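If you read the protein sequences in the order shown, they are chains A and B. Just so you know, we're using the working numbering here: the first sequence kicks off at 105 and counts up by one. Just so you know, we're using the working numbering here: the second sequence kicks off at 32 and counts up by one.
Since the hints were made in silico from the structure, they are not lab data. Check before you lean on any hint, since a few could be wrong.
Unchecked claim - Computed footprint of chain B on chain A; a stretch qualifies when at least three of its residues, placed anywhere within it, have a C-beta under 8 Å from a C-beta of chain B:
no., region
1, 132-146
2, 158-168
3, 223-236
4, 246-255
5, 430-441
None of these values were measured; they are calculated from a predicted model. Glycine included, each C-beta is placed from N, C-alpha and C at the ideal position.
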Amino acid sequence: MGGPLAMRRLTAEQYKRAVADVFGADIKVAGRFEPDARRDGLVAVGGSWSTTTPSSFEQSESRALSIAAQVVDETHRAQFVACEPPPAGEADDACAAEFVRGIGRQLFRRPLTEEEVEARVAIAANTTRATADFHAGLQFALASLLLAPEFLFRVEQGEPDPTDPQHMLLTSGSVASRLSYFLWNTTPDEELLAATEGGQLLSDEALGAQVDRLLASPRLEEGMRAFFADVYSFDDFEDVSKDTILYPAFSRTLLEDAQEQTLRVIIDHLISQRGDFRDLFTTRKSFMTRTLGLVYGVPVATRDGWEPFEFPEGSLRSGIYTHASLMALHSHPGRSSPTMRGIFVREAIMCQPVSAAPADVTFSVVQETDNVEFKTGRERLLAHQTDKACAKCHKVMDPIGLGLDNFDAIGAYRATENGVPIDTSGDVSGEEFSDTRDLGRVLHDHPAVPACLVENLYRYAVGRDTALSERRLLRYLEGRFEESGYRLHDLLRLIAMSDGFRTASERRAVETQPEDEV
Amino acid sequence: MSGLDRRTFLRGVMGGAAVSVGLPLFDGFLNVNGTALASGAPLPLRFGTWFWGCGMNPERWNPTAEGADYELGPELQAIAGVQEHVTVLSGFNMNLDGEANHPHKSGVMGTLTGTAPPKPDDVPAPTLDILISDELGSATRFRSLEMAATGSAKHSYSRRGQNVVNAAEVSPLALYTRIFGTGFQDPNAAEFEPDPRVLLRQSVISAVKDDRTRLESQLGAHDRRRLDDYLTALRQLERQLELQLSAPPPLDACAPPEAPAEGEVGADIVRARENHELMTKLLLMALACDQTRVFNMVFSYGASNLHLPGSQTGHHTLTHEELIDPELGYQPRATYFVGSSMEAWASLVAAMAAFPEGDGTLLDNSLVMAHSETSFAKIHDVLGLPIMLAGRAGGRVVPGIHVAGRGDPVTRVGLTLQQLMGLSVDRWGTRSMETNRGISEIFA
Chain A
105 MGGPLAMRRL TAEQYKRAVA DVFGADIKVA GRFEPDARRD GLVAVGGSWS TTTPSSFEQS
165 ESRALSIAAQ VVDETHRAQF VACEPPPAGE ADDACAAEFV RGIGRQLFRR PLTEEEVEAR
225 VAIAANTTRA TADFHAGLQF ALASLLLAPE FLFRVEQGEP DPTDPQHMLL TSGSVASRLS
285 YFLWNTTPDE ELLAATEGGQ LLSDEALGAQ VDRLLASPRL EEGMRAFFAD VYSFDDFEDV
345 SKDTILYPAF SRTLLEDAQE QTLRVIIDHL ISQRGDFRDL FTTRKSFMTR TLGLVYGVPV
405 ATRDGWEPFE FPEGSLRSGI YTHASLMALH SHPGRSSPTM RGIFVREAIM CQPVSAAPAD
465 VTFSVVQETD NVEFKTGRER LLAHQTDKAC AKCHKVMDPI GLGLDNFDAI GAYRATENGV
525 PIDTSGDVSG EEFSDTRDLG RVLHDHPAVP ACLVENLYRY AVGRDTALSE RRLLRYLEGR
585 FEESGYRLHD LLRLIAMSDG FRTASERRAV ETQPEDEV
Chain B
32 MSGLDRRTFL RGVMGGAAVS VGLPLFDGFL NVNGTALASG APLPLRFGTW FWGCGMNPER
92 WNPTAEGADY ELGPELQAIA GVQEHVTVLS GFNMNLDGEA NHPHKSGVMG TLTGTAPPKP
152 DDVPAPTLDI LISDELGSAT RFRSLEMAAT GSAKHSYSRR GQNVVNAAEV SPLALYTRIF
212 GTGFQDPNAA EFEPDPRVLL RQSVISAVKD DRTRLESQLG AHDRRRLDDY LTALRQLERQ
272 LELQLSAPPP LDACAPPEAP AEGEVGADIV RARENHELMT KLLLMALACD QTRVFNMVFS
332 YGASNLHLPG SQTGHHTLTH EELIDPELGY QPRATYFVGS SMEAWASLVA AMAAFPEGDG
392 TLLDNSLVMA HSETSFAKIH DVLGLPIMLA GRAGGRVVPG IHVAGRGDPV TRVGLTLQQL
452 MGLSVDRWGT RSMETNRGIS EIFA
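Extracted from the complex, chain A is given alone in its bound form:
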C-alpha cells in the first residue's frame, strides 16, 4: 500500500496562498513563477517531478527579499516581531530567534532544527551590524527561509509503523501537510500544526477530527477550486487566445469570467448544495455576468458582478462540460475542435487516455479529397476516419467532440457551420446520443465518470500516479462514493482517512516512473 514519499514543488498558487496565510493578504508577491508542469494529467503529480532552473531561482530570490521587506516594514512589523528593537547597530539574538522559530515553523510546516535557527540568527546579527538596522537583519533572515528548499518544496517524511515495522507511515507532520494542501491548497494552520505534535495525527480519532474540521471550513472551497482547475487544466487558459476579428466578444475578461462560472457551478453544487457529483453533467443551473451574457445570448441584469441563472428546460447547455470555459479551452484560435473536446472528455472526465497520433501518420488522407472544401467539422474529420490508422483513435475522440459542435471556439451557440446544419449525433461506447442533452445523461450514468473523479482526487492528494497495489483501494473508494450518493465531502473524507493517504513505500529511486504504476 502507498507509493513513494514525494518532494512536491509548491505551485505558484500555493506559494501565494502560503504567503497570504502566514503574513496577510496585503503582502505583494511579485515576479514570474516557473510554469507548473503537468504529468499524467495533473499539475499535482507534475509537482513531484518539477525542479528549479537558474532563471526561476533568480526570481525566487528577488521575490523572497521583497516579501521579507514588506513583512518587517513599519506597517507590518508589529504583528510579527515581539520585541522592541535594540539600540541602533546592536543585534538581539533572542528576539531574532523567536521571530525565525515562529515564522519558520509555519513556512517549513514543522519546527525548525536548532541549526536552521542559528544560521538565520547569524544572518540577522551580521546584517544588523553591517546596516545598523535591526529590521533589515530580520528581513534577510526571513528571506533565507523563503528561499529554502524546505519552503519551496513540501518534503514528505516517513517512519516505520510501530505495529508493523515493515511498513512506512507518513509522519504526523507530513500527514498534516498533505491534508492541508489536499483540502485547502495551502500551508497547515496553527491548529493543524499543533495537532501534529507528539505524532498525534497518526491516530484515526485525531486525524478524523482534523479532517472534519477542514471539511467544515469555508476554506474547503478554495481547495476544491484548485483541484478542479488542475484536473480541467485551467492553467492552459494562459495560452488561450482567440481571433478577435472572428470573435469580437472575446476578451481576457471573458476567459476569466468563463473559468469562474464553471468553478462557481461546481462549488455551489458540490459544496454548498452537497449535490450528487454526476449531476454536474446535466445541471442547467449556472451563474452569469454581463460579459458572459454576450456569449450565451442571455440578458443579465446585474451591471457588475454575478447573478444566479438557470438555462431553460430543453437547453443544450446541460452540464458544465458545455460551458464557454471548456469549449474555448478546447478549440483552435479560429474555430472549434471536436477532436480536442473529445480528448478532454475522454481523458479528464472519463480517465480514458487517448493514445498519441500513430508514428506513421501521414495526414495524406486529407490531401486526397479532390479539392472539396469541407463545410463542417464532421466532414473534415470523416476524412480522417477513412484511414484505418487515424480512425482507431478518432472514432473514440470525435463523436463526443462532434456532439459539442453546436458551440464555437468561444463557446457561443450556433446551429450551422458555413451554412450547413450541424449534426451532433453520435455515441459513447455504444450509448447513442443526439445532442448535448443526451450526451450529458450518458456521461451522468457512465460508471467511468465518478470512478475518474475518485482516481483524480486520490492522485491529486498523494502527488503521484496510482500503483497497481492500490487498485483495490480505488475500487473500495468508488463503491463507498456510490453508497454516499456521490457526495464530494464523503469521498474527500474517505481518501484522507485511507491507508494510501497515510502510508508510504520507500523513496522514489529513479527518475522515471516505476513499471507498476498505471
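Once you've looked at the hints, dock chain B against the given chain A.
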C-alpha cells in the same frame, strides 16, 4: 555557537567588528576576486539558437548547388540581403532508430540531443545549448537567455534535464527588466560602486546551501537529483552576485537601451514579429554588454501556433488541412508562415551584422543556428531538416555557403557546433545518429 563558526558568513569580509558597509571593506574582496576580463582581451564568443515551427517545402527551400553564392529558392528569398552571412545545411536527417516519429517533437530532439526520444515527451537532455552554455556561459551574469515571440513561457527547448526547462521570457519589458533592471552594472559607468546589499544577499544564499546536507540525507535518488538542480540554480545566482562585486571591464559596444513599453503578447503573426523585433534589440545589447553569451530564441514553437489576424486556422492546422494547390504545387496559406519566419530570421541576422563591435560586428563574434522540427510539416517529415548557421564565430567559420548533408545524421551539425564553441568532444549522438564527423566545409 559552533554552527556559526562553520559558516563562511560574508566570506569573512564582514565578520568581526565591522560596523557599517563602506568601500574599504570591499577593497579586500575585490582583490581576491579580480578575475574579470581585462580590457583589451579578445571579444567573447557567443552562441545562439533560433527556432521556427513547421519547417518548409523542401523543393522551394533547399538550394541545389553547394558552396558559396548558392541560389535562393522562393522560400529563402527573405535572406537575400544577408546571404553572405548565412550558411545553409540541407539534407541532414533525423534517424528514428526504430522509435516512433512523435509529431513535432522527434525532429527537434534529434537536432538538440542527438537521440530519438522513445516517448512523445521524452527529452534526452541536456540539449545542445546547455552543453555549450556550460562552456561559454559561466563568465557572465546569465548562463543563457531564453525568449519566445509567441507569448508562452513554455515555448522553450532549453533543457538541462527532462524536467529542468529554462522557461522563456515572453514580454519585451520583462526581458528588459531582467537584463537591465536591478543588478545590471553598466560596464562603461565612470565610477564603480558595488551595492552593499550584494554581500547580504550572498549570506542569505549561503545559509540555504548549508541546510542542504540534512535534507539530502532524507531523499531518495529521484529527489536528490531535483535538489541538485536546485543547487545548480543557486550556484548560478551566487556567481551572478560575485560578478556584481567587481567592476566590469569597459565594453565599447554596450549602451543600455531604454525600457520598451508594456505590450501585448500572443501568437498572431503581426504581434509575434513585433515582439521578436523588440526582444532582438534587447538581446543584442545584452550580448554587447556581456550579460550572457548564449541565447535561445523561439520565434514559433513546434506545431507552430502562429496565425494571421482574422484567420480561422493557424500555421500548424494549415500544414495538415490546406490542400496542395495543384497549380502552385504547395500550400500557399501555410507557406506564408514559412516566408514570414524566414523574414524574422533574416532580420535577426541583419541586426547582428549591423551591430558594430570591436573592429567588426556582433555577428562576427557569434554563431547562431536556425532550425525547425520538420522539413515538410504536412507529413511530419524529419528527413532533410532545414538548418542554417549565421556568423563567423570569432573567425572560426566561413559563412555564406551551402552544404548538402546527403542524408547524414543531423548530429553532425551538433557535433560541429560544440567543437566550434571550444568543447573537447569528438563524437556525439546515440545509435545510428552517433557520429565523429564534423562538417569540415564550414571551418575557416
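In ascending order, which of the hints set out earlier in this document are inconsistent with the structure?
-> Failing hints: none at all.
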